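Protein chains in written order, with my numbering: chain A, 423 to 524; chain B, 25 to 395; chain C, 184 to 357.
Everything labelled a hint here was simulated from the structure, so no lab data went into it. Be careful, since some hints might not be right.
[Stated by the list, open to error] Here chain C is said to cover these stretches of chain A; the calculated rule only asks that three of the stretch's residues, wherever they fall, bring their Cβ under 8 Å from a Cβ of chain C:
{"#": "1", "stretch": "443-456"}
{"#": "2", "stretch": "459-472"}
{"#": "3", "stretch": "498-512"}
From a predicted model like this one, the values you see are computed outputs, not experimental measurements. Built from N, CA and C at the ideal position, the CB exists for glycine as well.
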Amino acid sequence: MIPLSWYLILSAALFSIGLFGVLARRNAIAILMGIELMLNAVNINLVSFWRYGSPAEMSGQVFAIIVFAVAAAEVAVGLALVISVYRRRKTVVANEIDMMKW
Amino acid sequence: MIDLALVLEWVIKSLVVIFMLLGGFAYLTWFERRILARMQTRVGPNRAGWQGLLQPVADAVKLVFKEELIPARADKVIFVLAPILTVVPATVLAVVIPFGTQVILFGRQVNLAVADINVGILFLMAVASVAVYGIVLAGWSSNNKFALMGGMRSTAQMISYELALGLSFVLVALMADSLQLSEIVEAQRTMWFVVLQPVGAIVFLIVTLAEVNRAPFDMPEAEQELAAGFHSEYSGMKFALFFMAEYQKMIVISIIAVTLFFGGYLGPFIGRFPWLGPVYVLGKVVALLFGMVWIRATLPRIRYDRLMDLGWKVLLPLVLGLVLITATGILLADEFGNSLVWSIPVVSILAGFLTVGLVDRSLRRKFNALR
Amino acid sequence: MTAEQIIQQILFFISAALTLGSAVMVVATRKLIQAALWLIVSLFGVAVLYALLDASFLVVVQVVVYIGAIAILFIFAVMLTQRDQRDKGPQLNKSWVLAALVGLATFGGLTFLVSSWTGFGAAAAPIPAGTVDMVADLGTALVSVDQYVLPFEVASVLLLAALIGAIYVAYNRK
Numbered sequence: 423m424i425p426l427s428w429y430l431i432l433s434a435a436l437f438s439i440g441l442f443g444v445l446a447r448r449n450a451i452a453i454l455m456g457i458e459l460m461l462n463a464v465n466i467n468l469v470s471f472w473r474y475g476s477p478a479e480m481s482g483q484v485f486a487i488i489v490f491a492v493a494a495a496e497v498a499v500g501l502a503l504v505i506s507v508y509r510r511r512k513t514v515v516a517n518e519i520d521m522m523k524w
Numbered sequence: 025m026i027d028l029a030l031v032l033e034w035v036i037k038s039l040v041v042i043f044m045l046l047g048g049f050a051y052l053t054w055f056e057r058r059i060l061a062r063m064q065t066r067v068g069p070n071r072a073g074w075q076g077l078l079q080p081v082a083d084a085v086k087l088v089f090k091e092e093l094i095p096a097r098a099d100k101v102i103f104v105l106a107p108i109l110t111v112v113p114a115t116v117l118a119v120v121i122p123f124g125t126q127v128i129l130f131g132r133q134v135n136l137a138v139a140d141i142n143v144g145i146l147f148l149m150a151v152a153s154v155a156v157y158g159i160v161l162a163g164w165s166s167n168n169k170f171a172l173m174g175g176m177r178s179t180a181q182m183i184s185y186e187l188a189l190g191l192s193f194v195l196v197a198l199m200a201d202s203l204q205l206s207e208i209v210e211a212q213r214t215m216w217f218v219v220l221q222p223v224g225a226i227v228f229l230i231v232t233l234a235e236v237n238r239a240p241f242d243m244p245e246a247e248q249e250l251a252a253g254f255h256s257e258y259s260g261m262k263f264a265l266f267f268m269a270e271y272q273k274m275i276v277i278s279i280i281a282v283t284l285f286f287g288g289y290l291g292p293f294i295g296r297f298p299w300l301g302p303v304y305v306l307g308k309v310v311a312l313l314f315g316m317v318w319i320r321a322t323l324p325r326i327r328y329d330r331l332m333d334l335g336w337k338v339l340l341p342l343v344l345g346l347v348l349i350t351a352t353g354i355l356l357a358d359e360f361g362n363s364l365v366w367s368i369p370v371v372s373i374l375a376g377f378l379t380v381g382l383v384d385r386s387l388r389r390k391f392n393a394l395r
Numbered sequence: 184m185t186a187e188q189i190i191q192q193i194l195f196f197i198s199a200a201l202t203l204g205s206a207v208m209v210v211a212t213r214k215l216i217q218a219a220l221w222l223i224v225s226l227f228g229v230a231v232l233y234a235l236l237d238a239s240f241l242v243v244v245q246v247v248v249y250i251g252a253i254a255i256l257f258i259f260a261v262m263l264t265q266r267d268q269r270d271k272g273p274q275l276n277k278s279w280v281l282a283a284l285v286g287l288a289t290f291g292g293l294t295f296l297v298s299s300w301t302g303f304g305a306a307a308a309p310i311p312a313g314t315v316d317m318v319a320d321l322g323t324a325l326v327s328v329d330q331y332v333l334p335f336e337v338a339s340v341l342l343l344a345a346l347i348g349a350i351y352v353a354y355n356r357k
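Assemble the whole structure, with the sequences as input and the hints as a guide.
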């Protein structure tokens with residue numbers, strides 16, 4: 423018997439860890455990893471609300487699946503950008519990529 | 025409450041599957057070497073035991089006693105972990121396969137499948153997508169540029185071909201109206217899916233060759249180009265694990281192909297003697313494995329850029345078209361009578377010929393441009 | 184409490200510890216490739232949580248999409264953007280203390296918010312009787328006109344756009 427609160431606290435913790443990663447890491451790829459952790463926290467929340475709220479309706483799982491799609495799209499474009507920047511500037515450190523145009 | 029006898033049954037069934045794969049791996053190496061030798065007018069291993077049947081044992085003993093090397097400045101943890109990560113998915117894949125219906129054993133109804141779960145076909149997809157990691161990490165952790173290139177090649181190759189693999193799973197799921205493997209087999213009672221999906225079956229077989237890195241798609245370990253690729257730094261038991269994983273994957277992927285397209289455990293008299301199920305599976309698997317060895321003996325390795333072109337520009341559009349054809353055919357059969365289900369093989373064979381024709385034309389053009 | 188419930192709780196704690204512990208390693212470890220590996224462990228822990236929540240389809244999708252595709256893309260990107268295996272220099276920026284404070288504040292705020300909600304300690308709703316195959320229900324929900332077919336199609340268009348965009352951005356014009 424697992425109360426809903428455990429899942430909610432777990433996902434809050436995962437979200438905060440991801441947020442820390444996004445704010446504190448220097449490497450752009452590591453920042454994207456932090457975003458993935460945050461998206462996973464969101465998904466845990468969605469699925470646990472679905473399971474504890476109304477399992478007869480599929481809305482929670484459907485939202486989670488759409489989050490999957492968005493995450494996949496975001497990673498594909500984000501990593502393509504990182505690789506493109508690396509090719510021109512030879513760096514993936516977010517602080518050093520500060521010019522609008524070069 | 026969980027039944028103790030049920031747990032015992034699961035453990036025994038898992039052990040049977042594991043030992044079946046281990047034994048199968050050992051004798052598949054012997055099988056392949058003998059057949060290859062025959063095709064190349066040699067004799068092959070025939071010294072250890074009758075007809076060389078003890079050769080796998082001798083090889084295993086040799087590999088166990090070899091020195092284990094870890095390259096300097098390699099990532100030690102990952103280096104040791106990688107072979108394990110390669111073997112585990114190859115073994116786990118087999119648990120959802122049904123090897124037969126139910127048999128009576130010691131007064132119990134026993135299902136001849138370890139875990140016949142309701143998302144079986146998706147499970148296959150998931151485990152197949154995890155199988156990339158062992159190879160990538162082996163290539164990365166070896167601290168060797170050939171190994172790294174092999175690892176990168178295999179990642180790109182396996183991810184690219186996974187799309188076509190997943191879509192050919194979709195074909196079968198559409199035909200059987202289920203994701204559960206036992207129901208997929210039962211749906212083939214009247215007719216094997218290879219008859220209704222001939223092109224789909226061929227695409228599946230090509231894609232699986234690429235997924236298990238077999239010739240002619242064995243780029244990740246091309247001896248002549250990469251000095252054995254991702255496992256060039258491995259020796260002893262760790263190398264044996266990679267070797268084992270490759271052959272186990274061959275076996276498992278043949279079992280999957282049999283289950284999805286060649287009627288699985290179905291065959292004559294299966295209703296009366298359920299024990300025949302595993303025998304039929306074994307026979308069909310040996311036939312497919314013979315085909316794999318034959319392909320290895322026949323076809324040269326294809327170039328890496330052509331491999332990617334084949335995956336992305338030929339197989340993926342073709343299998344997408346097949347999904348469309350199959351879905352339309354099923355709808356038509358539902359609306360206007362069952363005989364219209366035959367539109368699926370007819371149109372898909374046409375699509376297959378169209379694809380081959382287009383590839384042929386494009387290759388001809390390139391050839392003429394070169395001249 | 185029955186034995187099955189206790190087993191469920193133990194499973195929850197193991198997978199929660201796995202998820203959170205490896206998430207901490209993702210943001211804290213120095214070597215980027217190891218961060219990617221810890222990310223895989225964390226994603227796997229989340230998959231186990233989905234299994235505990237009876238969402239079998241999502242378990243498989245989590246493994247296929249996140250572990251099989253997204254994480255491998257990360258590893259690929261790490262391999263492509265590094266000259267050698269050693270990651271030199273600090274991996275955290277100067278304001279990491281502030282970032283940690285923001286993270287802690289977010290955790291505290293979120294926990295406070297949800298704990299003041301009435302449904303906080305709710306027990307799991309029973310699976311409605313008569314549900315034979317939840318995967319089939321989910322599939323129907325995704326393609327029914329009166330349910331989620333529009334978001335589903337929009338997501339597929341988004342994926343296509345991302346595919347083309349990624350190829351365009353990363354394409355090496357030479």
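Against the structure, the hints:
no., hint, verdict
1, 443-456, "holds (count 11)"
2, 459-472, "holds (count 7)"
3, 498-512, "holds (count 10)"
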